[in-house]
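Undergrad: Heads up: the protein sequence lines correspond to chains A and B, in order.
Letter 147 of the first sequence, counting from 1, is numbered 147 in this note's numbering, and no numbers are missing.
Letter 360 of the second sequence, counting from 1, is numbered 360 in this note's numbering, and no numbers are missing.
Keep in mind the hints are simulated off the structure, nothing from the lab.
Any given hint might turn out to be false.
[As the list claims (entries may be wrong)] For the chain B half of the interface with chain A, some residues (derived, Cβ under 7 Å), not all of them:
| hint | residue |
| --- | --- |
| 1 | Leu5 |
| 2 | Lys14 |
| 3 | Arg284 |
| 4 | Leu286 |
| 5 | Ile287 |
| 6 | Ala288 |
| 7 | Pro289 |
| 8 | Gly291 |
| 9 | Arg446 |
All C-beta atoms in this analysis are idealised placements derived from N, C-alpha and C, irrespective of residue type, glycine included.
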Amino acid sequence: MDHSFEKIVSIDGVTKAYSRKAGPVLNDVSLFINKAEFFGILGPNGAGKTTLISILVGILKPDSGNVTVMGANVKKDFALVKSKIGVVTQEVALYEDLTARENFEIFGRLYGLSGRRLQKRIGECLEMTGLIHKADSRVSTYSGGMKRLANLVVGFLHDPELLIVDEPTVGVDVHSRHRIYEALIGMNRGGMSIIYTSHYMEEAERLCSRIAIIDRGNILACSPTSELIGREGANGSLEKLFLQLTREGNDD
Amino acid sequence: MIDRLMRLSVVIRKDWLMLIRDKAGLAVLFVMPAVLVFVVSLVHDAAWHVTQTTSISMLIINEDSGVLSGEIVKKLHELGAFNINTLVNGSQPLPSQARALVRDGKFKVCVIIPSDFSRMFEQRSDHLYQNIMKGMSRAQSEESASGIEPKVEVILDPTVPMAFTENVLNALSRCILMTETQVLWDRISHEIRSQARRRWWRFGRESDKELSDRFPSIDFIRHEKYDGLLVGVATEYGGGQRGREIPTSTQHNVPAWTMFAMFFIAVPLSGHLIAERRSGTLTRLLIAPVGYGTFLMAKMAVYLVVCMGQFGLMMLMGLYVLPLFGMPSLEIGVNHAALLLVFSASALAAIGFGLLLGTVLQSQQQASTFGAVAVIIAAAAGGIMVPVFVMPVFLQKLSLLSPLAWGLNGALDVFIRDAGIGNVFPDIARLLAFFVVTILSSIVYRMFTVR
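Isolated chain B, as found in the complex:
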């Protein structure tokens, strides 16, 4: 037993020396994932802000001098959802200039309020109110108001995502709806005063001011109790208190690219194994009293250290480096033991995959091509690049077979849902089963091919 352990330690030292001498290999193992997580997080973070809309610049051309258009502009400002500009180089551009600015990508969206907007708005609301009071149906009322159509023009950059377009239109509709509601409410207040003056003699002698004081208009849009919604919507996140802050691009990308980096070790690992087989050094080790199991165990030990090094590096990237570039910091959750278990099991699964490739494949070219392609496909199917839920159904089913998906799912459970060991056990069990199957397959394949 001691003899075996001594031999194992010698082979581990050999593998360690080989690893640290291979500078290009080390760069692939450590620098590549660090660069990937940095670049992809940055890109995703930008995309995230696009869907959030706050970083999107909106140009508003208000050609109308009326109160209502001013109200709409004010409400858009108050929403705080856009970076609103009304002037370009110190002056308000013409609608044709505004179109050119959007076309050239200077602004993602432009809202043009024409000069007759407030007048048309008031006319239409007045007309509709009169029709309603006359008891006309909605269709009849709409038909009679067909010539009076105040319009706000929205010009959108064609490159903006659909979700953003929806956000802009929803925000604009909401501002217009609030203004419409206020106008109709004012009309109703006015009508109440008129009716009161006509029907009750004692109000007929009062001045307009006295009557307004008695039946005041309520500016309920700006009333502190009114937030535009009468029915509240209770929102709750599965992750508890932290749920509202996440997922961020960091939260997704750090575990995702750590998984990718870990599984990418299959390429150098299988390459080293094949090189040893082809150079005869494996035969020499086996002739010296080293069993194939000891040979594999040494590789597992060294590459487990590599994988945990990758894990540590990526965590540091998420915690300290990404925030330096304006990205959100990584939240690693509260169950650190579960996190360590998920990544350790993922590392073993990756090592098992690499050892199987190294046993079955015949050349380093095969290993680098097949290994890289296999890992990229497993990563894509496993939700490393885009979340699984946005994939087509058959790909979602395929993702169930990807060990990267199991690892990522377990990691996100810990990061986002504060999952404990019990919650992530199914993912850990799958990863360990994958490891055992790949190692046994390697040993059995070798037994049947080397006789």
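Here chain A stands alone, though its shape is the one from the complex:
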């Protein structure tokens, strides 16, 4: 089933400033994400990626512009689609004094799962991430990579239509990173739309079908990954293009 041209997210002219003095963090940003797309957002620190994601998940409101997620305007009727979105936060946002299973049960229930369905889904996710043997240990006893995996599970446990993943592989060893990649690729193949932010160019190249490069609140480029790599100046490397675009931005 081809979902390529069905928009799941539409961002139109969004501006956001935390204070007048500091200037806008997002400056008239417009982009869209198609259903079942693996969409990457790349940008240096302070580019506005996390602010954009916070607006997408409804915890920040844009000063101007429109954001629609699955047809719902985030300013007006976002509550309707909230449960269809999953978020994997940049920090490991888990209750460390609770076990992974207890964390999954709590967040699963908040997303409406219960009973056997919840337990079955938890089992699947634990299997997928290889956390099954530590499921009943407190998260505080986990390694950094295991925490990241558990953090990832909380985001997609309820099988959302749209998964927003904010730098999930920071400080993660190679094995855990590969588990994260496999889990994300598998879900995307199953039809889940994924928005992925990262500092690592090679993982964006590997995972994302389309990428937006953002810096100082402006979208500098937004195209299919292959197209970006093929651009003049990129020399077949996303990293070179990224450095060129963001350097130009900083030179202004």
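Assemble the complex: chain A is given as a structure, and chain B must be docked to it using the hints.
TA: Coordinates of chain B only, in the frame set by chain A:
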């Protein structure tokens, strides 16, 4: 609605699990107040006994063999206000040894009656009586008796409180006054007999015994009708029948430290809230369809249970544990519903304070430092450590602003004054208003800071 309640129950379960997993936090919430109320009640109880004087040991060195000094010692015994000793290691110490014993803290007070006390006493009373009969003024009489001054020496441990010193001196003065009165009365009786013998011939032929039988000396000091006071003082306590028994250290400390424990939950509560905010779990909850109001309500529910648990534990301490260590048992009054309302309102006020701190402060270090200091200041100003009435005037005014003072005042009203819900309503209303203001402030602050 059902959906919201379901989410609330999930967040409550999460908070409950977090609470019971935090063993150190639980110790702060339950063990600390239990230990505090035990230790402070014990200390206050000892201080209470000091002001009561009965546990204070008094050494009496009576070097006089006369009747009058014996009378004074006897009267001090009869007062029953002191633990009186006359011998140390089986013998009467010398005055110099007695001074050393007081200096070393073995006795809090020593009364030394010198060897010539009774003789001087009789001389002086006789002299004064003669002067009075001669019609001399008081000043003239005192001047003429200046060489005859019987003295009782009192040596006090400098660490004893002023109130105790006053009690000792008052008791001693009273015993001496009673003896003086008896001596003067005997002198008057004797004079009546002498006058009768001189003025009426028929008494002049009677023997001393016959005359004494006719005009007997009245030992009115020991007369069963005489208790040393001709004018009675009617005393009544505001708390009715129970008033005379209270307040005890238990009666003050149990509600006081329960209030302190309840408000001290502001420290772990705000710390947990900040930890959730900083770790991103709060954001994750808000992204999942949980409103900030639901998040706060779950915390309120869990910590209300904690506070009522503290209340129950402290009541049990007062009722059953403190009496095992010789302290008075807690009297919880008759209006249990009013008591429950006062403590429930106090718990809500404490929770509101904790949630406001957790919303406004930025780090757990800030919460533990600022929260603890704020609670200790509010407790001190609120009369938790010492009663409000002994504080300077400006602190008394400040105490009106302390929610701990409102809670404690309401609790003491129920414990001591048998107050009902109507009587404690103003305190309950203040506490609930404080709760509402802190919760609204938390929500408004968050609305303006997270946009």
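Undergrad: Decide, hint by hint, whether the structure agrees.
TA: Hint by hint, here is what the structure shows:
no.	hint	result
1	Leu5	violated, 12 Å
2	Lys14	holds, 5 Å
3	Arg284	holds, 4 Å
4	Leu286	holds, 6 Å
5	Ile287	holds, 5 Å
6	Ala288	holds, 4 Å
7	Pro289	holds, 5 Å
8	Gly291	violated, 9 Å
9	Arg446	violated, 11 Å
Going through the hint list in order, the structure does not satisfy hints 1, 8 and 9.
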